[in-house]
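Chemist: With these hints in hand, go ahead and build the complete structure from the sequences.
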Amino acid sequence: MSAGSFGFYGQPAQQQQQQQQQQQQQQQQQQQQQQQQQQQQQQQQQQQQQQQQQQQQQQQQQYQMVEERRSLMHQLFYIKQISLASPS
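With my numbering applied, the sequence shown covers 1294 to 1381.
These are calculated hints, taken from the structure and not from any lab test.
Incorrect hints may appear among the rest.
Just the calculated beta-carbon pair ranges, DEER-fashion [what the hints assert, rightly or not]:
hint, residue 1, residue 2, range
1, Arg1362, Gln1323, 53 to 63 Å
2, Gln1355, Gln1328, 39 to 49 Å
3, Ser1379, Gln1341, 51 to 61 Å
4, Gln1312, Gln1338, 34 to 44 Å
5, Gln1348, Gln1319, 55 to 65 Å
Backbone N, C-alpha and C define an ideal beta-carbon position, used for all residues, glycine too.
Modeler: And the structure:
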């Protein structure tokens, strides 16, 4: 009677240990997933930085084009003035 009841009480302890091991494995998996998510976030941040750099380059190119046009317009204006001022 006592041996049977002791055997009966012995089984749940093993089940509890198995459950604890499973929980630990799940926690490890969760940690791995979190690490993967962090890596993905870092990659996204790097991509955003690259996009920002590209945008800055585009803005600089546009600014250069505007400056070139402005200088050309000035040159044309001066040429017109000189041609009008000089007697033909």
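Chemist: Which hints, by number, does the structure contradict?
Modeler: 5
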